Amino acid sequence: MRAPLLVFGALLGIAGATAAQQPDPRQQIQQLAIAPLRFNPPQPKRITLSNRVVVYLLEDHTLPLVTVQLVSKVGVANLPDSLWGVGWQADGLLRTGGTARLLPDSVDKLIDFYALNITFSTDHEQSFGTMSGLSRYTTQLLDLGFELMKSPRNDSSRVRITAAQQQENWRRRNDTPGQVLGRAWAQVLIGDHPLGRSLVKPEEIAGFTPERFRWVQERLFCPQNLVVGVSGDFQERQIVTALERQFRGWAACKPGLQEVPSLAFAAGPRVVLVEKDVNQTNIRMGHGGGIRVANTPDYFASQVADFLLGGSGFTSRLLSRVRGDSGFAYSAFSSWGAETDRDDQFFAQAQIRAEKTVAGMTLMRSTIGSMASEPVTAEDVKLAQDNEVNSFVFRFANASQIVAQQLSYAVDGLPPNWFDIYLRGIQAVSPAQVRQAAQRHLHPDKLVMVVVGKPSAFDRPLSALGAVTVLPVDSIIR
Amino acid sequence: MFRLLLLWSLLTSAAPALAQNASPGERLAVVKHVLPNGMTFLLLRRPGAPTASFVTHFRAGGVDEWTGISGTAHLFEHMLFKGSRSIGTKDLAGEQALFPAIDAIADSFTAEFRKGGMADSARLQRFRDRLKQLEDSARAFVVSNELDRILTENGAVGLNASTSNDVTNYYFSLPSNRAQLWFVLESDRLKHPVLREFYSERDVVMEERRLRTETQPFGLLIEEYLMAAFRAHPYGRPVVGHASEIQAVSRGSALEYFKRYYGPNNAVVAIVGDVNVDSMKTWATRYFGDIPAGDPHRPVVTQEPPQRGERRISVEFDANPQILIGYHVPNLRHADAPALQVLSQILTAGRTSRLFQRLVIRERKATTVASFQFPGSLYPRLFTFQGVPIAPHTTEAIERAIYDELERIQREPPTAEELQRVRNQSEAGSIQRLQSNFGLAFQLSNSEALWYDWRQTFRDQAALARVTAADVQRVARTYFSSTNRTVATLVRPAQTPEESH
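If you read the protein sequences in the order shown, they are chains A and B.
Just so we're aligned: the first sequence equals residues 340 to 817 in our numbering.
Just so we're aligned: the second sequence equals residues 228 to 728 in our numbering.
Chain B with its partners taken away, still in its complex shape (with noise of 0.2 Å):
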């Protein structure tokens, strides 16, 4: 058929010429502002709407806790919107007073969780509700979610933070006239932060726990997965918590977190938006300015032994089958790092991707495959497959299918045509990134974050045009064997009866 012809003469018209210059992000005019105790300012002025988006990284992260208190830095997240010594409370003296008692209490509960199979549970119980009554009399002295409430009048958009293995960061939107009341708020609630309804909040964020992960089939994949790759280092460790840590976490805890970790000097603030940089300058130092430095972020010690044989777990659940695949690889600074994604770009990014075209497509095996890197950045961590099989194929005919293609990408290099695709997609992805005020300034507070440098997240992205066909090939030799791996598959119970259909 003559579209062929037609297509392929497109094509090589469309080739754009390799990007010489810095990219698009790189050329940001962005003015970096650092206070004295270290807080770090990103200030962009952007035409258009009249909003302005503020985005807070802290270099503190799942993988900074310490034994027994996982979960501790998602749910010191959730902590900072209870307000502070000012904002969410009538009366401080009169709440704070009953916080000895509450935390007593709460004490007595984990001595006796502690026990574990031998705990009491007519104790437990008193506990809790004894607990739950103390906490209610506290919450007579308490302004509900007063923080919310002044972000909402003001017409505040996206308020949200997220808490990652890496990074916490916290976020929303202001019509840029109000961008003042941003620093007044984030100031207050950084300096005198009160957690105050800790222990519901604990429990909040155990039903969190139950909504994604629990009574997820993938989100539990994805719990047992990451905990048998990952043996040593924290990334194998839920950042959400693992239920009986989440029950123990006391008030005590969080605020050693956040003293160890929240310095300024651990803090990245990304202001996009149509705002007046010198305002932005005067405003974070008169707000910002008088908190202490505190310890810098040091990097986990832990590093991840070498894997010595494939590993292989399956997770039971009442769902259909799937597969998580993965391998250990290097962090996102290591040199291999953009061949790594350029590979998984031409293996399942998009409906021509090597495995999509494959397993979706020819074979019919499988309604989705992807390729992802994770559970964070800063560490070596996993390049993962997901495969969902189609019956009545099997989680086996995907994991075939993954292992012929990777064997045969190590064998003969990804074509020219290939390389030029991802350099085609990257280059638009160059230019999307850059749309939003809020998708921006989270770009660049946690590329400094992570980095110390707002460009790198830019950089990293260019550099995938540079990868040649024989750095693919390398990596794909380099991290792919057998030993290197694990997998995790998602089993239906042997007692569960199979679906009808």
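Bound-form chain A, shown alone (with noise of 0.2 Å):
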């Protein structure tokens, strides 16, 4: 012990001397000059084609890059309940199974030749692609991009492999707690709605058919579900021509999609614990979060509400007591997710020493509960307004984000200038308002607890939180 303690003193004394030649350093920041923002982020171009395909553009010609996105307005929830698996993989297979013209192989070749980049992904409710690449390969791109969707082939080789995987991936579902946990999760809060789905099943596996492939491919990959950007380094005329002329002939959307199914969150107080033998434990506690995105002050309240509790990292109430105060987690967050034409799911998550794992519990939901039973001061208000405020050009650092913003507005059905609104709209919250949102939509006595862990190693009962089911790890089948 001597030894060190030495050390520290003698640090200490070095410090010390030249600590005395500068000012606190709380009070240089108080003086810190910080000169205004003068800042107008460009302004992606907003064309339409003649399909009526709205396309955002922004030139950026600082590197000879060029990146095109593509957002549908349809994901695997609008798709009939039997294709949700198809579904799931769609994406992939777009990218890998060849195109009427083109092998898979060939595909590949001249993807990887070229060092493009092509992806696909299908969501829940939306559905992306994103192509970039060398702007001098702009034309090989697009031409190689757009001939995927339009035409693709669903090659059976690609098919079998794709069908391979997702076999062994549902043999691996249980490896890890965070895949347990995530899909326990979504089991007992969301039950059987395609929102709750996130694994493809052995029976949906066994219908992957390049037929079914492309029934769900021409729905959600097709014009007037799409809007596009494209951003970087290309000319605004060419750039115009070329995408009317990827257009032309491509057939229309076809029939048979559905509206996403009403969805209901399971109701709490349950506690629900699946078997691991880990020595942390991974907990998930929340419920239906009650909110949509919409200029209302309810909405912006739950904002910072949620920044305050846990979406905000070291400064967070639920990070700096079960972290920092207690050292129980290296991590803990919330979320409290919304949609502009449904609610989402508020949740808080953790990943807890085994032996503190009831009392890492009961102080998770003592926090959320905080929200509405201690003081919200107007300086926590403030801390997240002067965030949002001050870092607000990180949103628009680029122009691929820039474009990529507007796509999203415009498929939520969100106006343009919704980040301005957002803006004011988090400016004019105050402290009452955020203890309102949270009395009004956080019930800590309603939730649902869900618990990935090994229950000999807790250090209480977890009956101690309530009436205790157990989710055998093998009935998990989302």
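FYI, nobody ran anything at the bench for these hints, they're computed from the structure.
Please read all numbers here as calculations on a predicted model, not as lab measurements.
A hint or two may mislead.
Straight-line distance between alpha carbons at most 20 Å, and here's what the computed EDC-like set of lysine to aspartate or glutamate pairs gives [to be verified]:
#1 A:LYS615 x B:GLU441
#2 B:LYS359 x A:ASP363
#3 B:LYS317 x A:ASP798
#4 A:LYS793 x B:GLU543
#5 A:LYS615 x B:GLU373
#6 A:LYS615 x B:GLU380
#7 B:LYS317 x A:ASP363
#8 B:LYS317 x A:ASP664
#9 B:LYS359 x A:ASP664
#10 A:LYS721 x B:GLU304
#11 B:LYS359 x A:GLU694
#12 B:LYS418 x A:ASP363
#13 A:LYS793 x B:GLU373
#14 A:LYS793 x B:ASP522
#15 A:LYS721 x B:ASP363
#16 B:LYS317 x B:ASP356
#17 A:LYS615 x A:ASP444
#18 B:LYS317 x A:GLU718
Dock chain one against chain two, each of which comes alone in its own frame, and use the hints as you go.
What follows is the structure in structure tokens.
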């Protein structure tokens, strides 16, 4: 002990000598001259192609790179239930399954040789495509990217590969505690709704055929459902001509999709245990979020509440109490989701040392409750507001990001100036509104709690938190 | 089919000329500004949004730890977020008056803990409880997370740090009109760090270890694999630390580590964005100029002795199988490094690579096959293959295919098309890597910290274009012998029932 203490003393001595020469850093920060930030983010140009597809264009010639982004207004949850599993894998096959003209190997060779990046992704309620590469290969990029969408081959050899890979994914579904938690949570909170699924089941894999993949692709990736964005090193006139050419002759979207079924979240209180032999417990607790994205004080207040509760890292109540004050966990956070057309979920999550599981969960629950029961100060709210206002430049850091933002607003039905509205909304939030939002929408007494861990290692029986339902790991089917 | 004809005409017309000039990265107008104490600043003004990214690398990593303190480099990295003599405290004197008692209890705990199996668990618990109680008392003087709070309110993004075997880095980005704030805060925490809440943070690090390693099949496999492959060199030691050593690290050891390795002459800062380079220079001197130089960094003396035969380990975990296969290869500065990188790309980069084609596409035996060189760049490391089998195929089948493809490339050189593909990908990569301010700052600072030259990382990439088929074949023959190999397989313990599907 002696040696380290001496070192400590010596170090402080040196530090003290220099400290005398400079004012306290808090004073220095107060006195910093911060020039006003003059920044008008470049605005993408919005045009409409002759087939009425909307395109956002933003040129940026800093580097010889071009990026094309596509967002489709529909996703896997819009498919008939029997095609959910096919839909979840239709994105990968669009990229790997070849085209009517090109065998899969030829597509792979072109992409790898030109160092292009072409990916597709089907999500629950939207689908996406991204194509990027050196701008001198823009023609090749567009030709190949659009050909993949317009005439997918779904070569049977590649369908077999996808099936084998998904079968293996299913086999490995319980290998890590985080995977088990995510799937158990969705099954408990959302049940058998398409939005609660993330893994393709063996019976769905058995239904993989080229025709069924094509059925899905022709509906999720088709002109009327797409919004397009182009950013980077291109000339407007050439790219518009090229896009007109790419869309020419592309068949219209086919019927057969459905509205996303309405969603109901399970009601708490509930405690669900999935047993897994690990020395750290994975925990998620929450319920329906009760909020929609809208220009309402309640929505903006919920955003500030989430920031203060668990969305802002170290300064958030969850991380500072569960990690900083207690040393129970490395990670703890909250997520209070919202969509424009439906409610989403609220939850808090942490991975807590097994022998502090119940103490940690009790702390998490009381911290959620603290948003309504303990004061939310003006200083707290100002922190969230200052953070949003001062970091806004990072939302416009490059052309691709700016275009992506406009695509997302367009598909979500938000106005192009939504960010300004959002920023003003956040700035208008008061501490009372934050507490009201928490009182109205956060229910620490009605939490659904899902726990993945080894109960014999817990500090107390989990029943201290309520009646426990054991969910055998093999009964998690999503 | 006509597709092939079309494809080949396309490919041959696309081959760009070999780069004759310096790569785009090497041509960046970076201003290198070195203070008299040796602290190095790399400054680059770029047009675009008014943001500035700050990345600091210290020539201090896991390999620089001494015996018994594994994990300290990383734990110290956590501690630098706890503030300074000013930031993070309401009453420094009151707070620090409690440190000797806290450290004494921690020492008592460690003394008992050292007894291993003979330790008295009740005593250990008493010491733990007392330690918690005393740290909670000290916490009454603490302004929790003040550093983070100041940055959050100023709109900082991406505040984080990471510790690797070779170096430790710290970073965040600010709106560029607030750039001076970085100088105030960073110089303050470097000059006057206070390792407050040390022992509860030690518990946090233990949870980080459980999160990333002990509960993760791949994390555990990697750790065991490195320990098997390196018997002398510290690349075999987990950067996060052995569980027993994390629980016994003292505040004094962490400070000693800081004192040895965090001298300004071992620090490289890169600032990239919409900044005034002259102001940055002025502030660099004003805020960091008075820190006395420390000892220069001395590379690790230990060298891994040549391996004398294949090593095979199995790691039991309740999860499905996967495999790591590694060969000792030289460090990134060795003349063979570019050819090894090209070999890696030919074998596993992209869907057209040889092993991906064979294992994933043609034979459908693996969900994925990858290769990478790690766990560092400064010292000789491992050329590693990772394979994940699709049942009923086994890790043995993946192993056989990898050896088979290695033998094939030893016999038959890579084709001109394969080499051209690597060159094209490298050329695209040399531009893509310049896109973000943060990414660029990270690369500049990392390259200067490792090689005392910010251009080196760009030269390394450009060197790939000059690799010949004969080079690839030569390195494939030199390093990939069974004697030089370590194989680690994840297996399910015998008593755990196999999954039903």
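Going through the hints against the structure:
Taking the CA atoms of LYS615 of chain A and GLU441 of chain B, the gap is near 13 Å; set against the 20 Å cutoff, the hint holds. Between the alpha carbons of LYS359 of chain B and ASP363 of chain A the distance comes to roughly 30 Å, so the proposed pair goes past 20 Å and is violated. Using a Cα cut-off of 20 Å, the hinted pair LYS317 of chain B and ASP798 of chain A is violated, with the two alpha carbons roughly 34 Å apart. At roughly 18 Å between alpha-carbon atoms, LYS793 of chain A and GLU543 of chain B fall within 20 Å of each other, so this suggested pair holds.
A threshold of 20 Å between alpha carbons decides the hint, and for LYS615 of chain A with GLU373 of chain B the separation of about 37 Å lies outside it, so the pair is violated. About 40 Å separates the Cα atoms of LYS615 of chain A and GLU380 of chain B, which puts this hinted pair outside 20 Å; it is violated. At most 20 Å may separate the alpha-carbon atoms for a hinted pair to count; LYS317 of chain B and ASP363 of chain A meet this at roughly 13 Å. Pair hint LYS317 of chain B plus ASP664 of chain A holds up; C-alpha atoms about 16 Å apart against a cutoff of 20 Å.
Of the pairs offered as hints, the one joining LYS359 of chain B and ASP664 of chain A holds, with about 10 Å between alpha carbons and a cut-off of 20 Å not exceeded. This hinted pair does not check out: LYS721 of chain A and GLU304 of chain B have alpha carbons roughly 29 Å apart, beyond 20 Å. Proximity of LYS359 of chain B to GLU694 of chain A is assessed by CA-CA distance (about 15 Å); at most 20 Å being required, the pair is judged to hold. This hinted pair checks out: LYS418 of chain B and ASP363 of chain A have alpha carbons roughly 13 Å apart, not beyond 20 Å.
For the hint linking LYS793 of chain A to GLU373 of chain B, the alpha-carbon distance of about 36 Å lies beyond 20 Å, and the restraint is violated. A distance of roughly 48 Å separates the Cα atoms of LYS793 of chain A and ASP522 of chain B; the hinted pair therefore is violated under the 20 Å criterion. Among the hinted pairs, LYS721 of chain A with ASP363 of chain B is inconsistent with the structure: their alpha-carbon atoms are about 28 Å apart, more than 20 Å. For the suggested pair LYS317 of chain B and ASP356 of chain B, the alpha carbons sit about 25 Å apart, so the restraint of at most 20 Å is broken.
Taking the CA atoms of LYS615 of chain A and ASP444 of chain A, the gap is about 42 Å. The hint is violated against a cut of 20 Å. At most 20 Å may separate the alpha-carbon atoms for a hinted pair to count; LYS317 of chain B and GLU718 of chain A meet this at roughly 18 Å.
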